[in-house]
Amino acid sequence: MAKKLLLQHVNVPGIETLEVYRQHGGYASVEKALKTMAPNDVVEEVKKSGLRGRGGAGFPTGMKWSFLAKPEGVARYLVCNADESEPGTFKDRYLMEKTPHSLIEGMITSSFALGARTSYIYIRGEYFYVSRILEKAIEEAYAAGYLGENILGSGFSHDCYVQVGGGAYICGEETALLESLEGKRGNPRIKPPFPAIAGLYGCPTVVNNVETIAAVCPIINMGGDEYAKIGIGRSTGTKLISASGHINKPGVYEIELGLPVEEFIYSEEYCGGIINGRQLKAVVPGGSSVPVLPAHLILKTDKGEPRLMSYESLSDGGFATGSMLGSGGFIVYDETTSIVKNLYTFARFYHHESCGQCSPCREGTGWMEKILHRIVEGHGKPSDIDLLWDVQRKIEGNTICPLGDAAAWPVAAAIRHFRAEFEEYINHPERIKDVKHYYSVHQLAEA
Amino acid sequence: MSSQVKGTQVFNDAKRAGTVFSDEAMQTVQKIIKRYPEGKHKSALLPVLHVAQAEFGGWLSPETMDYVASILKIQPIEVYEVASFYSMYNLKPVGKCLLEVCRTSSCWVRGAEDIVNYLEKKLGVKEGETTPDGMFTIKTVECLGSCGTAPMLQCGASFHENLTFEKVDTIIEQYRSQGKQRSYTDLDYKNTL
Ligand SMILES: Cc1cc2nc3c(=O)[nH]c(=O)nc-3n(C[C@H](O)[C@H](O)[C@H](O)COP(=O)(O)O)c2cc1C
Ligand code: SF4
Ligand code: FES
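Line order of the protein sequences matches chains A and B.
Final position of the first sequence in the numbering used here is 447; the numbers increase by one with none missing.
Final position of the second sequence in the numbering used here is 193; the numbers increase by one with none missing.
Only chain A is shown next, with the shape it has when bound in the complex (with noise of 0.2 Å):
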């Protein structure tokens, strides 16, 4: 059995509730580190753990934590980042829906380290009532004393409040986000400052996502060295993957972090195969912003060893033959799909999210959502495909926040190794007329 750090209670009747969670060991990092830590030592344990950041660009925590400026009398904040927009990410919801207290248990245990008085955590608003699980569950916990004044007679006081999105992708961009909870639009800031400076309200700001944060309350019980033996080299822990796509068990899995791809595809414990048996084509291992690999790529890498999930073993070969781990939202594509046409929905995609700031992100994801349409369609030109990766490059690095590069690299992997199917499409036109390229609902139903 793989190794359980987040999920290993969601299945107890009940657990959402502060009573049975506790009976599971809940709060137990709060009563260890009010009771009997300094808030430094809470940050040493976290960065002895080698804990990543969950969130997509993998930060190691710790010395996220250490760069948060402490003025005298100016208040500091710990801001969740329960955005999760990313297509193909769905496991803070997971993990928020069913055992909303670890995740407030981590808000707390973080925030005394952080020297945080008040923290937020924003979430998307489609999420809302994912919000009113969490508004509970707070409720809970002011109630039996781990919120509110003095906290479990430390001299700790904190708060914690939820607070919902209007429906952005860009709010997940850090400092958009906090743009956003002060009641603005979600336009990411020039940077520096960064949060650690100038966050909230100008004042200095941890950002974290909702996984790292519920992560700190292992750390503590454990130990920072304890869980630095979980997991494979500087990717320690544990990490919770969206497997999504075309296999036959979607859903979110908590992995040891090294866990070869090839088991992870086929094994019954996780995605149990590929539906039909049909053959694996390509997948996008960590959310949508990352690129995509031919199956021959993701199960091994250009070296010819196996794939594994890790922040290294991901990127392994750049951006040439490799990808990365991102937010972990892992979508397999069978031999069905139209690798085109699925890049179309992720340029289409990141046209809608531009927060339309900076021209090469604003005008360039327009430029390729064009394009692609006109090439999904039937109309495309044998330029086009040379035009595309023209306006890819011309965005990536020129904009200022990385929604430009996420919706740049997607579209330089997919031409990079399916070219042919571009060609294909701009060639021959007819061929794909009326032709479907993925599984209608009844296919599946059949599955």
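Hints were generated in silico from the structure; no laboratory data involved.
Note that the structure is predicted; figures quoted are calculated from it, not measured.
There may be inaccurate statements among the hints.
Cross-link-like lysine-lysine pairs, in silico, PhoX-like; alpha carbons within 20 Å at most [stated by the list, open to error]:
| # | chain 1 | residue 1 | chain 2 | residue 2 |
| --- | --- | --- | --- | --- |
| 1 | B | Lys42 | A | Lys184 |
| 2 | B | Lys73 | A | Lys184 |
| 3 | B | Lys139 | B | Lys167 |
| 4 | B | Lys139 | B | Lys122 |
| 5 | A | Lys47 | A | Lys32 |
| 6 | A | Lys48 | A | Lys32 |
| 7 | A | Lys136 | B | Lys31 |
| 8 | B | Lys139 | B | Lys121 |
| 9 | B | Lys73 | B | Lys42 |
| 10 | A | Lys184 | B | Lys34 |
| 11 | A | Lys381 | A | Lys370 |
| 12 | A | Lys98 | A | Lys4 |
| 13 | B | Lys40 | A | Lys184 |
| 14 | B | Lys126 | B | Lys92 |
| 15 | B | Lys73 | B | Lys31 |
| 16 | A | Lys3 | A | Lys98 |
| 17 | A | Lys136 | B | Lys34 |
| 18 | B | Lys92 | B | Lys139 |
Quick partial rundown of chain A residues pointing at chain B, CB under 7 Å, derived from the structure [claimed, not checked]:
| # | residue |
| --- | --- |
| 19 | Pro87 |
| 20 | Phe90 |
| 21 | Arg93 |
| 22 | Glu126 |
| 23 | Tyr161 |
| 24 | Ala168 |
| 25 | Ala198 |
| 26 | Tyr201 |
| 27 | Ser244 |
| 28 | Gly245 |
| 29 | Asn248 |
| 30 | Pro250 |
| 31 | Gly251 |
| 32 | Thr337 |
| 33 | Trp367 |
C-beta: ideal position from N, C-alpha, C; glycine also.
With chain A held as given, fit chain B with the ligands onto it using these hints.
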């Protein structure tokens, strides 16, 4: 004072005067405002707009936005620029049940287009349109975080997942027989995971 917002919406002074939160909604709004530090009440804007949209017919009219501005003591333009930025705020009237079908990659490869086509045929209106009885509006949206239970649609606070045509029939029938407006703030959401 009369101003024109987005071409088609005309500001109506009488309608503005009649735009007032119920006591219950007002209590919710006051509770939301208390979450932020002194002087930072503008932070309440997004959550309060959700309350307002649910309270005043499922969309944000110029009068509603003006009213929200007066409550948060900010300029109407500050409300409008936010309401027009985020996808969940409707700046035009919609049906009582806004059916938001996800069509991004994971849903697309599992038949989202079939669901949209089926809905269009069943309801006799196209994507973006409202049925003549004002009951349903079809909208296509981007990833809603249900990729593992695709295809899916959201209506108000409820997520309807692993859709089949039969399931769509049941959902439409249920909503039609209930006949009420669905909002993101509804408490009777279905926990469908
Ligand atoms: C366009 C864009 C969208 C993002 N969306 C999310 C998101 O939905 N959830 C998230 O945790 N991080 C998201 N991020 C990353 C955040 O900016 C930030 O790095 C993260 O919240 C930091 O938390 P972590 O260190 O715990 O991962 C996004 C970044 C970009 C550029
Ligand atoms: S890169 Fe795109 S989303 Fe990011 S700030 Fe620029 S325009 Fe906005
Ligand atoms: S792609 Fe449809 S919910 Fe994510």
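Here is what the structure says about each hint:
1. B:Lys42 - A:Lys184: With a Cα-Cα distance of about 8 Å, the restraint between B:Lys42 and A:Lys184 holds, given a limit of 20 Å.
2. B:Lys73 - A:Lys184: Measuring from Cα to Cα gives roughly 14 Å; hence the hint holds.
3. B:Lys139 - B:Lys167: Measuring from Cα to Cα gives roughly 18 Å; hence the hint holds.
4. B:Lys139 - B:Lys122: holds, 14 Å
5. A:Lys47 - A:Lys32: holds, 17 Å
6. A:Lys48 - A:Lys32: Measuring from Cα to Cα gives roughly 17 Å; hence the hint holds.
7. A:Lys136 - B:Lys31: Holds, because 15 Å separates the two Cα atoms, which is no more than 20 Å.
8. B:Lys139 - B:Lys121: holds, 14 Å
9. B:Lys73 - B:Lys42: holds, 8 Å
10. A:Lys184 - B:Lys34: holds, 18 Å
11. A:Lys381 - A:Lys370: holds, 12 Å
12. A:Lys98 - A:Lys4: holds, 15 Å
13. B:Lys40 - A:Lys184: holds, 12 Å
14. B:Lys126 - B:Lys92: Holds. B:Lys126 to B:Lys92 sits at ~17 Å (cutoff 20 Å).
15. B:Lys73 - B:Lys31: holds, 16 Å
16. A:Lys3 - A:Lys98: holds, 18 Å
17. A:Lys136 - B:Lys34: Holds, because 17 Å separates the two Cα atoms, which is no more than 20 Å.
18. B:Lys92 - B:Lys139: holds, 13 Å
19. Pro87: This hint holds: A:Pro87 lies near chain B, its Cβ roughly 4 Å from the closest one there, short of 7 Å.
20. Phe90: With Cβ-Cβ at 4 Å, under 7 Å, it holds.
21. Arg93: holds, 5 Å
22. Glu126: holds, 5 Å
23. Tyr161: At 4 Å from the nearest chain B Cβ, A:Tyr161 passes the 7 Å test, so the hint holds.
24. Ala168: Status holds, d = 5 Å.
25. Ala198: violated, 15 Å
26. Tyr201: Interface hint status for A:Tyr201: holds (6 Å vs cutoff 7 Å).
27. Ser244: holds, 4 Å
28. Gly245: At 6 Å from the nearest chain B Cβ, A:Gly245 passes the 7 Å test, so the hint holds.
29. Asn248: With a closest approach of 12 Å, the A:Asn248 hint is violated.
30. Pro250: A:Pro250 check passes; min Cβ-Cβ to chain B is 4 Å, inside 7 Å.
31. Gly251: holds, 5 Å
32. Thr337: This interface hint holds because 6 Å falls under the 7 Å limit.
33. Trp367: violated, 19 Å
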